[in-house]
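Visitor: Produce the entire structure from the sequences given, and follow the hints as far as they go.
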Amino acid sequence: MASLIQKISLMSQATGPEGLPLVEVLKQISKNAHEAVEEQYKILNYTLLPQLQGYGVHLALLQIG
Numbered sequence: 001m002a003s004l005i006q007k008i009s010l011m012s013q014a015t016g017p018e019g020l021p022l023v024e025v026l027k028q029i030s031k032n033a034h035e036a037v038e039e040q041y042k043i044l045n046y047t048l049l050p051q052l053q054g055y056g057v058h059l060a061l062l063q064i065g
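In terms of this note's numbering, the sequence shown opens at residue 1 and continues consecutively.
Derived by calculation from the structure, the hints in this document are not laboratory data. Please note that the accuracy of each hint is not assured.
To be verified - Across the chosen pairs, the derived CB separations fall in these ranges:
no.: 1; residue 1: 23; residue 2: 46; range: 31 to 39 Å
no.: 2; residue 1: 53; residue 2: 3; range: 48 to 56 Å
no.: 3; residue 1: 58; residue 2: 22; range: 40 to 48 Å
no.: 4; residue 1: 14; residue 2: 53; range: 22 to 30 Å
no.: 5; residue 1: 13; residue 2: 34; range: 24 to 32 Å
no.: 6; residue 1: 60; residue 2: 15; range: 42 to 50 Å
no.: 7; residue 1: 54; residue 2: 29; range: 49 to 57 Å
no.: 8; residue 1: 54; residue 2: 3; range: 52 to 60 Å
no.: 9; residue 1: 48; residue 2: 22; range: 35 to 43 Å
no.: 10; residue 1: 61; residue 2: 31; range: 22 to 30 Å
no.: 11; residue 1: 25; residue 2: 57; range: 25 to 33 Å
no.: 12; residue 1: 21; residue 2: 63; range: 37 to 45 Å
no.: 13; residue 1: 51; residue 2: 21; range: 37 to 45 Å
no.: 14; residue 1: 55; residue 2: 29; range: 36 to 44 Å
We put the beta carbon where it would ideally sit given N, CA and C, even for glycine.
Guide: Set out below in structure tokens:
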């Protein structure tokens with residue numbers, strides 16, 4: 001546990017490329033990644049799948065559980 005606390009303490013003091021705290025850099029990376037995935041889903045659902053359906057291609061959904 002002490003090792004984890006030490007790592008968190010060091011991470012909170014570390015800085016990224018523009019002098020930003022590492023925690024803020026990681027938050028921005030996470031935000032950017034979520035936005036990119038959201039955009040990919042929009043393209044899939046509103047562009048690609050409708051076009052594929054126009055050619056008679058339909059995807060089956062797999063439900064687990």
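Visitor: All the hints need checking, so say for each whether the structure fits it.
Guide: Structure-based check of each hint:
1. 23 <-> 46: 31 to 39 Å: 35 Å, holds
2. 53 <-> 3: 48 to 56 Å: 53 Å, holds
3. 58 <-> 22: 40 to 48 Å: 46 Å, holds
4. 14 <-> 53: 22 to 30 Å: 49 Å, violated
5. 13 <-> 34: 24 to 32 Å: Given range 24 to 32 Å: holds, Cβ gap about 26 Å.
6. 60 <-> 15: 42 to 50 Å: Between residue 60 and residue 15, where Cβ atoms are some 48 Å apart, the hint holds.
7. 54 <-> 29: 49 to 57 Å: With Cβ atoms ~37 Å apart, the hint is violated.
8. 54 <-> 3: 52 to 60 Å: Since the Cβ atoms of residue 54 and residue 3 sit about 56 Å apart, the hinted range of 52 to 60 Å holds.
9. 48 <-> 22: 35 to 43 Å: The hint (35 to 43 Å, Cβ to Cβ) holds, given that residue 48 and residue 22 are roughly 37 Å apart.
10. 61 <-> 31: 22 to 30 Å: Check passed, 29 Å falls within 22 to 30 Å.
11. 25 <-> 57: 25 to 33 Å: Distance hint for residue 25, residue 57 is violated at roughly 41 Å.
12. 21 <-> 63: 37 to 45 Å: 42 Å, holds
13. 51 <-> 21: 37 to 45 Å: 44 Å, holds
14. 55 <-> 29: 36 to 44 Å: With Cβ atoms ~37 Å apart, the hint holds.
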